[in-house]
Amino acid sequence: MKSWLWMVPVLPLVGALANGVLLRNRLGRKAVAALACGLVGLACLLSFAAIGSYMASPEYAAHEPYEQVLYDWIPSGLLGIEGGAFRDFTVQMGFQLDPLSAVMLFVVTFVGFWIHVYSVGYMDRELGFQRYFTYLNLFMGAMLLLVLGNNYLVMFVGWEGVGLCSYLLIGFYYDQEFPPYAGRKAFITNRVGDFGFVMGLFALVAHFGTLDYSEIFHAIEENPALVQAPYLLGLSVAGFIGLALFIGATGKSAQIPLHVWLPDAMAGPTPVSALIHAATMVTAGVYMVARSNAVYQLTSVSELVAIVGALTAIFAATIAIAQDDIKKVLAYSTVSQLGYMFLAAGVGAYGVAVFHLMTHAFFKALLFLGSGSVIHAMGGEQDMRRMGGLKEHMPWTYRTFLIGTIAIAGIPPLAGFFSKDGILAAAFADHKTLWAVGLVTAGLTACYMFRLLYMTFHGEFRGGSEQHHHLHESPAVMTVPLVVLAVGAVTSGWVGLPPLGEVDVHWLDHFLSPVIAHVGDRGEHHASVALELALMAISVLVAVAGILVARALWGKDRGLAAEDALAARFAGLRRLLANKYWVDELYDATIIRGTWSSARGLFAFDSRFIDGVLVNGSRHLTVAISLLSGFFDKYFVDGLVNLTGLTMRLGSRSFRSLQTGAVSQYGLVMALGVVILLGFYLAMRLGGWGL
Amino acid sequence: MEAVTAWGPAILFYLFAAIAVVAALAVITLRNPMYGAIALLTCFLAVAVLFFLRHAEFLGVVQIFVYGGGIMVLFLFVIMLVNLHRLHESRIFAAHGPMAFVIALLLMGLLVLVVAPLRFPEPDPSPAGFVAADGALAGNAEAVAWQLYRGYLLPFEIVSLFLLVAMIGAVVLGRRD
Amino acid sequence: MSEITTTHYLVLSAILFTIGVAGVVTRRNMITVLMSIELVLNSVNLNFIAFSYQLSDLGGQIFAIFTIAVAAGEAAIGLGILVAMFRLHQSVELDRATELSG
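Residue numbers (my numbering), protein chains in the order written: chain A, 1 to 691; chain B, 692 to 868; chain C, 869 to 970.
These are calculated hints, taken from the structure and not from any lab test. Glycine included, every Cβ here is placed at the ideal spot set by N, Cα and C. One should not assume that every hint holds.
[Stated by the list, open to error] Pair ranges (Cβ atoms, derived):
no., chain 1, residue 1, chain 2, residue 2, range
1, B, A832, A, Y666, 37 to 43 Å
2, B, P789, C, S924, 43 to 49 Å
3, A, S626, B, M790, 25 to 31 Å
4, B, V752, A, G679, 47 to 53 Å
5, B, P846, A, M670, 39 to 45 Å
6, A, N642, B, R867, 53 to 59 Å
7, C, S924, B, M858, 55 to 61 Å
8, B, L845, A, G645, 18 to 24 Å
9, B, P846, A, R685, 53 to 59 Å
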């Protein structure tokens, strides 16, 4: 079973090939949907089978991953690495199934499948139906490559692939002005991060002579001092690699300062936002950090990771509370929750970070799809100020959305509580300040999410009468995925019950432990039961407080009254938050403009100097040389030729005089010849030469 | 008497050599070809004498007969045939005359230079072979005939053929048609 | 000098030969040219005779006979040509005989 692992990424890629190339414009909507969803569904089932097979296998028992190598992709031969040794640098096209990739596999295929199903309904009346599913399948293939790769380069292929698909799908409505811009912004911002990622890859190759996970992590485990040696920029090897890779993660997972693309990415179709910008692609950075935990455990760059995560979390949460676009709220929420994941990874709780990744995938996807359902019913309206009271018209959407909201707020026994609590507990043990930041963010999260809920579903409907007419519950093809994801949002937390003292039922942590390298001095945090319970209580209280604040301001059919009153009172603050701290404007004024003007400068240089002076100059020079050459040819070469002719003519004139026909002259010449011969003879005779 | 015997041949030689040279010069310088022919004849006769001095009696006589009596007559006939004794060319020497004389002088100089230093051993003053035929003493004519019709018979016949051809050729060339 | 050696004959022969050649090359009158040719042949005969006496070999005289015979034939032919040329050009000037020109 697990030997069919390679099919998991390949099946969606086949779907992309079929819908995108082979059967383009040849299939009806039903066929396209069946093909795309079917292949992803099949991949999902295969994933389950493979995971099950792996868990029953000896590799799992030995805490080893199952590796499946397809072929040697880049056999590049001997490579000299730092420290003078030589390695045979070969990159394989291989897949690895271990606990970490199993979790990711499960999340990606399962959530991905239901989002595919949902898309069938959501994109029902859109143009480019086949193109959408082509890109979506392509994305799935790339994401699966990313999580299943057994080396950093295959991960990087997937990394770039999902970046590409993100661009393609954000800019899906290419006939409008904004989506292509948003797509470019996403791609370019990603690329900036990827520069860091690539630097990390180079450093890995330079030090280990390989990019294989198992080889690198085993080498680190055996000799941690190897990567603690000083390297560049005042960092150790591990520090440099960790920082470089994290820069990539910042771009991909929308952390400060490269978070700016995610809110604008909402220009794409909502299922895309759910899949790519909530559940899967943006989590790639977290996955990468978790995968590289052997490196991060040995460097203080981890602390930077945690700080950035925490800062991003609270930063995004403050912005979310002032957004009116339903998808923008969810986007900033995603940024914030990703910050949580990096906070966890930064303090060494890699398992918890992955746990939150999983639960977040469920409830965030649920929330996005629910918002999609709302937008669909509202005929494309996304401004919450024009919504309201939708719970009567869209009961299933409301119920599932409510579940998602409670989950993200961190109310037990739903999923969000367990993962978020795990993060806060780990943060508390390591870095109390960051714990406090996380706690405040949790309160803000609950608050802005319930604000969204109340503004959208409660109170009076504030939209137009046309929209009111069209309000309807979404079809089953859209509501069923909502229900499935809601179930996930409720139950997925139960694999990570927190350890209470000696009672350790955190199944997920155990499951993931083989992946965490045993380096450094990460001791097990065994906080006392009392502390654990106290922390849990505090986080729940904060969440509930947030909910109550929201209820007070926006609940109880209040509508926008409080919103407007607050906006009036804290106008400046509101402006700051609504304009997202003007980060985009700052970037535009500095980096964007700087890039444009240097590009223009370079272009001017190119056209004036390179083209003008060099190219045109060389043209003039060439023309001059060719003129000279022409002269030379005409006068000298031709002159030589003419000279030869002239010589011939002159010479022949003198020789022609021999051909007079005058016999006596011939006789004279003969006599002359005789004289000459005789002269020779005499000379030889007199000279004493033998004759 | 010894003086005559001693100096006789030398005087004869120098005298007739001089005559020959002068006559030859006359041949090439006289304008009138008739006079030139006479001069040529003189030259031949002088050379015949020189032949006698070298015990080539038969050949000397042949020279007189053939050259003088035959060839010169032929020349004179032709001269008179084309009325050349009355026709004179405007210039006697060709345009390249001076150059030719220079070359000729060069040639003479070279030849003399080559020949004059040659020294030969004393020849037999009266070679027996010149007067013997069939072992017995006879005369130069017999000796020549004895050699000619025996050892040199083939060339003899060829030459006679040649003369025949020349005769026919001359007839053909001279035909008026 | 009282002794006439072969060398004297050779020198004389060279002189006569040269005079003949000069005549062939120089004169414009064809008859004179032919006569000069006879001079040349004659000088060769002189040479043969001298060596024949020197070497006591009759072969030289025999050869001289043949030379005389050939000279005769050649004179006949030459004069025949002259007659033909005279008929063509009405003159015996060698300059007129430019058929070989070019």
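Of all the hints given earlier, name the ones this structure violates by number, lowest first. 3, 4, 5, 7, 8 and 9
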